[in-house]
Amino acid sequence: MTDIHALSGAYAVDALDDLERAQFERHLAECPACRSEVDSLREAAATMAETVAVEPPPALRDRVLADIATVRPLPPVVPEQSAPEPVRRRPARRWLPGLAAAAAVVAVLGVGAAVVQPWEDETSQTTPSAVDRIRAADDVQTYVQQFEDGSTATLYRSVSLNQAVIATSDMADAPEGRVYEVWLQHDDRMVAAGLMPDGPSNVVELVGDPATADGFGITLEADGGSTTGEPEGDVLAVVEFEQT
Amino acid sequence: MDHIRPVPDDPSPETPGEGASALPDLGELLKLSGRGDQGAFAQLYDAVSARVFGLVVRVVRDPAQAEEVTQEVFLEIWRTAGRYDPGRGSPLGWLLTIAHRKAVDRVRSAEAATRRDASYHQHNQPVAHDVTAEAAHASLEARRVRTALDSLTSVQREALELAYFGGYTHTEVAGMLDLPVGTAKTRIRDGLIRLRDTMGVGGR
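Line order of the protein sequences matches chains A and B.
Heads up: the first sequence runs through residues 39 to 282, numbered per my numbering.
Heads up: the second sequence runs through residues 639 to 842, numbered per my numbering.
Read the hints as simulated data drawn from the structure, not as lab findings.
Errors might be hidden in some of the hints.
If you want the footprint, here are the derived chain A segments under chain B, 3+ residues with CB under 8 Å [as the list claims (entries may be wrong)]:
hint: 1; region: 67-80
hint: 2; region: 189-197
hint: 3; region: 223-232
hint: 4; region: 252-258
Not the full set, but computed from the structure, chain A residues with beta-carbon under 7 Å of chain B [to be verified]:
hint: 5; residue: Val90
hint: 6; residue: Glu93
hint: 7; residue: Val116
DEER-style ranges, computed between Cβ atoms [to be verified]:
hint: 8; chain 1: A; residue 1: Thr266; chain 2: B; residue 2: Asp788; range: 19 to 29 Å
hint: 9; chain 1: A; residue 1: Glu186; chain 2: B; residue 2: Ser777; range: 29 to 39 Å
hint: 10; chain 1: B; residue 1: Ser747; chain 2: A; residue 2: Glu63; range: 41 to 51 Å
hint: 11; chain 1: A; residue 1: Leu274; chain 2: B; residue 2: Thr785; range: 17 to 27 Å
hint: 12; chain 1: B; residue 1: Asp743; chain 2: A; residue 2: Ala104; range: 53 to 63 Å
hint: 13; chain 1: B; residue 1: Met814; chain 2: A; residue 2: Ser189; range: 14 to 24 Å
hint: 14; chain 1: B; residue 1: Ser747; chain 2: A; residue 2: Thr266; range: 46 to 56 Å
hint: 15; chain 1: B; residue 1: Gly820; chain 2: A; residue 2: Ser189; range: 54 to 64 Å
hint: 16; chain 1: A; residue 1: Thr250; chain 2: B; residue 2: Asp723; range: 33 to 43 Å
hint: 17; chain 1: B; residue 1: Thr821; chain 2: A; residue 2: Glu270; range: 46 to 56 Å
hint: 18; chain 1: A; residue 1: Asp55; chain 2: B; residue 2: Arg673; range: 36 to 46 Å
hint: 19; chain 1: A; residue 1: Gln61; chain 2: B; residue 2: Asp723; range: 51 to 61 Å
hint: 20; chain 1: A; residue 1: Ile42; chain 2: B; residue 2: Asp743; range: 14 to 24 Å
hint: 21; chain 1: A; residue 1: Glu270; chain 2: B; residue 2: Ser777; range: 45 to 55 Å
Please read these numbers as outputs of a predicted model, since none were measured by experiment.
By construction, the Cβ of each residue, glycine as well, lies at the ideal position given by its N, Cα and C atoms.
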């Protein structure tokens with residue numbers, strides 16, 4: 039395809055065959071200019087529908103409203119964090135000790151004692167095998183953070199693998215426009231380690247250096263996570279790691 | 639689309655004219671629908687169903703299939719309402735994009751002969767245009783669109799209409815209009831740009 043951008047108009051009116059559509063969609067993922075142009079050309083194309091408007095039969099309305107009664111709307115998509123970036127490790131201000139006096143019970147279940155969490159894998163951000171590996175490690179540590187509403191966040195850390203995952207259970211979705219963000223604490227700095235997607239049960243592998251971290255935290259940030267490299271929103275949990 | 643408001647009788651943009659029925663706030667209805675508000679969705683349906691069904695039936699042609707596809711379209715609108723992104727386009731543009739894609743998918747997967755059968759039109763007429771107040775105002779807007787389309791070159795307009803309403807690929811359009819291979823996509827793009835700029839949509 040010599041000039042892939044030239045397909046933007048045809049794409050906007052669904053005038054590509056399957057092969058070209060796949061090629062163009064791959065291109066779109068990397069071309070913000072084309073994404074923006076496609077959006078605007080779709081708006082233009084949609085005006086043409088105005089010229090052919092036709093009232094549907096009344097029975098169609100009944101069928102549509104009956105359909106929707108049996109299907110639930112999908113939750114919004116939380117923008118995913120991109121792959122681990124060194125910039126995440128830039129120094130942050132001190133985490134004020136006062137903020138660390140967060141919520142509830144933290145049960146440290148000790149080295150090697152992996153707790154079975156019966157979560158449903160519906161929106162895993164990481165494959166079960168990565169989680170299983172961590173939980174099967176000789177030096178796995180398990181930290182369970184319970185919240186007032188009965189939800190739990192369980193973090194498994196293996197120093198030998200230098201990996202950590204956090205698994206949530208019965209977690210309420212973050213309020214609209216917000217997202218749960220996970221942090222790893224190094225000395226007095228909190229370093230962003232990942233965003234939690236919506237859904238009651240999620241598994242997220244933490245980005246960064248869990249082996250040398252002193253603990254982890256969960257905060258509630260604006261959509262997309264904190265943009266300053268340090269926690270900006272409400273602190274929901276701060277947990278210290280047991281040092282082996 | 640903000641421009642889909644009836645032309646007011648008086649110069650004040652805030653006051654609708656006599657007998658005008660402004661479109662409800664579709665973005666708000668989408669947001670509520672995304673949270674499961676069936677009443678809001680019913681209002682949304684009432685506001686846009688003629689545009690959706692009209693587009694689908696124009697592309698799909700077979701009225702029975704058009705009804706099926708329209709049903710599917712509204713179900714997808716319901717399911718994905720929470721994912722509508724106002725930054726990328728208007729609510730009406732968003733849901734008509736869904737409708738168009740589904741209509742084209744259906745017409746291409748249906749037997750090709752059926753779509754190209756000239757005698758088809760004799761036996762399958764779409765439902766007659768219902769002249770309600772809403773439809774009357776839609777036709778004001780439709781006039782504006784037709785005027786905008788008049789500003790395209792005839793090749794741009796034909797290519798665009800074959801693609802948009804006919805559901806043809808740009809390669810097929812090139813063949814149908816006796817254009818060199820590859821030129822139809824340029825005509826389509828140029829026509830859309832012209833249409834966009836004339837109608838003042840697409841937030842540029």
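Against the structure, the hints:
By the rule of at least three residues with a Cβ nearer than 8 Å to a Cβ of chain B, the coverage given for the region 67-80 of chain A holds, with 4 such residues. Counting residues of the region 189-197 of chain A whose beta carbon lies closer than 8 Å to any beta carbon of chain B gives 0, which falls below the threshold of three, so the coverage claim is violated. Against chain B, the region 223-232 of chain A contributes 0 residues with a C-beta closer than 8 Å to a partner C-beta. That does not satisfy the three-residue criterion, and the hint is violated. Counting residues of the region 252-258 of chain A whose beta carbon lies closer than 8 Å to any beta carbon of chain B gives 0, which falls short of the minimum of three for the stated coverage.
For Val90 of chain A, the interface hint holds, since its Cβ comes within 7 Å of a Cβ in chain B; the closest pair sits about 4 Å apart. The criterion of a C-beta within 7 Å of any C-beta in chain B is met by Glu93 of chain A, whose closest approach is roughly 4 Å, and the hint holds. Hint status for Val116 of chain A: violated, given a least beta-carbon distance of 11 Å to chain B, over 7 Å. One distance hint, 19 to 29 Å for the beta-carbon pair Thr266 of chain A and Asp788 of chain B, is violated here, with the actual separation near 52 Å.
Taking 29 to 39 Å as the suggested C-beta distance range, the pair Glu186 of chain A and Ser777 of chain B does not conform, at roughly 57 Å. Checking the proposed 41 to 51 Å range against Ser747 of chain B and Glu63 of chain A shows it is violated: the Cβ atoms sit about 19 Å from each other. In this structure, Leu274 of chain A and Thr785 of chain B break the distance hint of 17 to 27 Å, their C-beta atoms being roughly 56 Å apart. The hint said 53 to 63 Å for the Cβ distance between Asp743 of chain B and Ala104 of chain A, and at roughly 23 Å that hint is violated.
For the pair Met814 of chain B and Ser189 of chain A, the supplied restraint of 14 to 24 Å is violated, since their beta-carbon distance comes to about 59 Å. Range check, Ser747 of chain B to Thr266 of chain A: about 50 Å between beta-carbon atoms, so the 46 to 56 Å window is met. Taken as a hint, the range 54 to 64 Å holds for the pair Gly820 of chain B and Ser189 of chain A, whose Cβ atoms sit roughly 56 Å apart. Distance hint check: the CB atoms of Thr250 of chain A and Asp723 of chain B are about 39 Å apart, consistent with the given range 33 to 43 Å.
At roughly 53 Å, the beta-carbon separation of Thr821 of chain B and Glu270 of chain A lies within the given 46 to 56 Å, and the hint holds. Checking the proposed 36 to 46 Å range against Asp55 of chain A and Arg673 of chain B shows it holds: the Cβ atoms sit about 38 Å from each other. Roughly 24 Å separates the CB atoms of Gln61 of chain A and Asp723 of chain B, a value that falls outside the hinted 51 to 61 Å. The hinted range of 14 to 24 Å is satisfied by Ile42 of chain A and Asp743 of chain B, whose Cβ atoms lie roughly 22 Å apart.
Range check, Glu270 of chain A to Ser777 of chain B: about 51 Å between beta-carbon atoms, so the 45 to 55 Å window is met.
In the structure shown, a violation is registered for the earlier hints numbered 2, 3, 4, 7, 8, 9, 10, 11, 12, 13 and 19, in ascending order.
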